[in-house]
Amino acid sequence: MADAEIQREAILAAVDNVAARIAEEKAYLTELDSAIGDADHGANMDRGFRAVVEAVEDDDTDGMEADELVKLVGKTIISNVGGAAGPLYGGSTMLASKELEGGITAETSVAFAEAYLQKVQDRGKAEIGAKTMVDALVPVVHTYKKSIEQDDLPPLTALSKAVDACERGVRYTVPLRARKGRASYLDWRSVGHQDPGATSTLYILEELLETAEEYLDGEVVRDARSPDVPDEPPEEVADEPLGEGDE
Amino acid sequence: MVGLAVVSHSEKAAEGICDIAAQMGGSDARIEPAGGDSDGGIGTSVDRIEAAIADADDGDGVVVLVDLGSAVMNAELAVEMGDATVRIADAPILEGALNAAVEASGSKATLESVVNAAEEAREYRKLD
Chain W
1 MADAEIQREA
11 ILAAVDNVAA
21 RIAEEKAYLT
31 ELDSAIGDAD
41 HGANMDRGFR
51 AVVEAVEDDD
61 TDGMEADELV
71 KLVGKTIISN
81 VGGAAGPLYG
91 GSTMLASKEL
101 EGGITAETSV
111 AFAEAYLQKV
121 QDRGKAEIGA
131 KTMVDALVPV
141 VHTYKKSIEQ
151 DDLPPLTALS
161 KAVDACERGV
171 RYTVPLRARK
181 GRASYLDWRS
191 VGHQDPGATS
201 TLYILEELLE
211 TAEEYLDGEV
221 VRDARSPDVP
231 DEPPEEVADE
241 PLGEGDE
Chain A
248 MVGLAVVSHS
258 EKAAEGICDI
268 AAQMGGSDAR
278 IEPAGGDSDG
288 GIGTSVDRIE
298 AAIADADDGD
308 GVVVLVDLGS
318 AVMNAELAVE
328 MGDATVRIAD
338 APILEGALNA
348 AVEASGSKAT
358 LESVVNAAEE
368 AREYRKLD
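Chains W and A are the protein sequences, given in the same order.
Under our numbering, think of the first position of the first sequence as 1, with each following residue one higher.
Under our numbering, think of the first position of the second sequence as 248, with each following residue one higher.
With the rest of the complex left out, here is chain A (with noise of 0.2 Å):
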């Protein structure tokens, strides 16, 4: 099953919207946070991300949602640096977690189709 891992700014962010997506998931979803700096404080971890990473991967490869600016750079050197086969997602982070999650856990599920459909939560529209 695709994994799918949350990297925000905020540990609590991070871990409030795993539990968001992992509720539209269903049981089974693999969704990590990696939130927070290496004190937990405001700011973001490679090394965190990669553990979120590896803990998220079973085989079939991660998808990661990040938020802004330093958890893009340290997503992309946590995928440089580990072994996983991963893709990071151009998405809003809330809402392409959700539907990250939805997709993940369908039978056909590829890393390609999560991506895709993470990706298609830019075109959201709130209102009207």
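Isolated chain W, as found in the complex (with noise of 0.2 Å):
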């Protein structure tokens, strides 16, 4: 993918395509808010997306580099999504846009991915086991990471794994007491429920590889719905007192 237009073109259909999957999903989404949140998870994530169509339709995109296109997306978020999904998604996605400068390939990719997360764990203060959307973006970024640089499959093939390993990682968040966020005012009552941020989270990740799938070479591998593969902690948990709540 290195010709500059087919990559605008592929971030646009991206685009599209994850705003369509939130709208779908946006019931259930509010749903999982509602039972550990505020319950404007759906409605939020559905608000932001269709800013960013239309901002992508109404901005003259003609011309923009990958970088400028992903900056574009994370402002609008950031401007159209209420409560800490605005800053978080937004946020990390505007400030890790500078990695994809000279378009988007395998490495400039890794690097998107991880400062995508450092910005999210800067700004949310999470760590693994609290029961947020880093549960499932840490063994995203990592499974993506290895998988270009250790194990040199293609970006699709990597792409398809670490959105496995993201599917693992929604239902680790499960069984898990909150620590972050709205829901950890809820203590023990938080066990037994999904986080809704790292549900989206793995919606948009799909749609990315839903995406991905039409533009790049490589082997898809989805192996997280079989029932052969145990559910396991990405990475080992702290036992830690439970933190003060921040929403």
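Keep in mind that the hints were calculated from the coordinates and are not lab data.
None of these values were measured; they are calculated from a predicted model.
There may be inaccurate statements among the hints.
[Stated by the list, open to error] Calculated pairs, DSSO-like style, for lysine-lysine (alpha carbon to alpha carbon, straight line, at most 30 Å):
1) K71/W <-> K26/W
2) K125/W <-> K259/A
3) K26/W <-> K119/W
4) K26/W <-> K125/W
5) K259/A <-> K75/W
6) K26/W <-> K355/A
[Claimed, not checked] Partner residues aside, some chain A positions facing chain W, computed with beta carbon under 7 Å:
7) D284
8) M320
9) N321
10) L324
[Said to hold, decoys possible] A partial selection of chain A residues facing chain W, derived with a Cβ cut-off under 7 Å:
11) G290
12) G316
13) S317
Using N, Cα and C, we set each Cβ at its ideal position, and we do this for glycine too.
Hints given; two lone chains; assemble the complex.
Shown next as structure tokens:
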């Protein structure tokens, strides 16, 4: 995907796919958030991604480089998604977009993924095991980076493995007791509920994979849904005392 | 003069806290509310916070008071995106805003002294 115009087309296709998926899952995301949050995650994300679709149509995106376009996506999310999701999804996308200068390659996409995770962790101050999107994102980024840099897999295959890791991460949030965000106010009552932020992160990644399939060569291997695959914690979970909740 | 921006999940709460703090800080206090999400619903908005900081800033910097959660994250992001010199106070929002307004209206106030005044409010006891 060297050509800037094809990259622009792929990003616009990804935007459409993600927006459509979020719209489709809006009610379910809000249902998850009503169990342990303030019941607005689906509506919030849907409002944000509808705004992104409008923004990329309204703004003159012709001739925009990949990093500029991704930056526009992030900025639009910041302005249109309320609550913590705005700075976490939008702020991280905007700030990580710098890594895509010169276009999207295997190398810059790893750098983008790492920067995105770093920004989410800096902003949200959540570690693995706190029942947040970090539980999904950490295995995603580690799997993607390892698949590209160590196993030398094509980016599409690496992405599909990362999406699998994300799915396991989402399932891993279910039994956890929330230590961050508004869910942490519920303490033990948060146990047994799937984290909404981890879930929307999975939907976004699944749509990125869906889009990437059209533009990249490589094998897509999804095995996370197989009953033979045990749920494993993505990393060691520190048994810290309950921290202060901060929505 | 050091300015203040009050960031709450509620538009009404942010405005009300500014009203109370302005009364304590005198008529020339620069206190701007940034409450609610982009539609004025419950939530916070980076754009509203950026605007409030810009309105409160006359060059001497701005102290931001926040309620919880996304107010903190969005305030941090607004600070990163803007040009003003800003400190976010780790303080209860109403008591912190009152303390900060009183300090900011004094002739020797600095950004540092206003933040400190706001953060002193953490120690307040309401009973005994």
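| query | Between K26/W and K119/W, is the straight-line Cα distance small enough, at 30 Å or below? | reply | holds, 25 Å
| said: Run the distance test for K26/W versus K355/A: straight-line Cα separation, threshold 30 Å. | reply: violated, 52 Å
| Restraint outcome when G316/A is required to lie within 7 Å of chain W by C-beta distance | At about 2 Å, which falls below the 7 Å cut-off, the nearest Cβ of chain W leaves the hint on G316/A intact, so it holds.
| request: For the hint on S317/A, just tell me whether its beta-carbon gets within less than 7 Å of chain W. | output: Since the shortest Cβ distance to chain W is 4 Å, the answer is holds.
| message | Given a cut of 7 Å on the nearest C-beta pair, is the interface hint for G290/A held or broken against chain W? | response | holds, 3 Å
| said: Hint validation: M320/A versus chain W, beta carbon distance must be below 7 Å. Holds or violated? | reply: holds, 4 Å
| Are the Cα atoms of K71/W and K26/W separated by 30 Å or less? | At roughly 24 Å apart (the allowed maximum being 30 Å), K26/W and K71/W satisfy the hint.
| said: For a C-alpha distance cap of 30 Å, please report whether K26/W and K125/W respect it. | reply: holds, 26 Å
| Does N321/A meet its interface restraint, that is, does its C-beta lie within less than 7 Å of any C-beta in chain W? | holds, 5 Å
| With a cut-off of 7 Å, does the beta carbon of D284/A approach a beta carbon of chain W closely enough for the hint to hold? | At about 3 Å, which falls below the 7 Å cut-off, the nearest Cβ of chain W leaves the hint on D284/A intact, so it holds.
| query | K125/W and K259/A: Cα distance at most 30 Å? | reply | Cα-Cα ~29 Å, so holds.
| query | Is the shortest C-beta separation between L324/A and chain W less than 7 Å? | reply | Check passed: Cβ of L324/A comes within 4 Å of chain W, closer than 7 Å.
Comparing the model with each earlier hint shows a violation of hint 6 alone; every other hint is respected.
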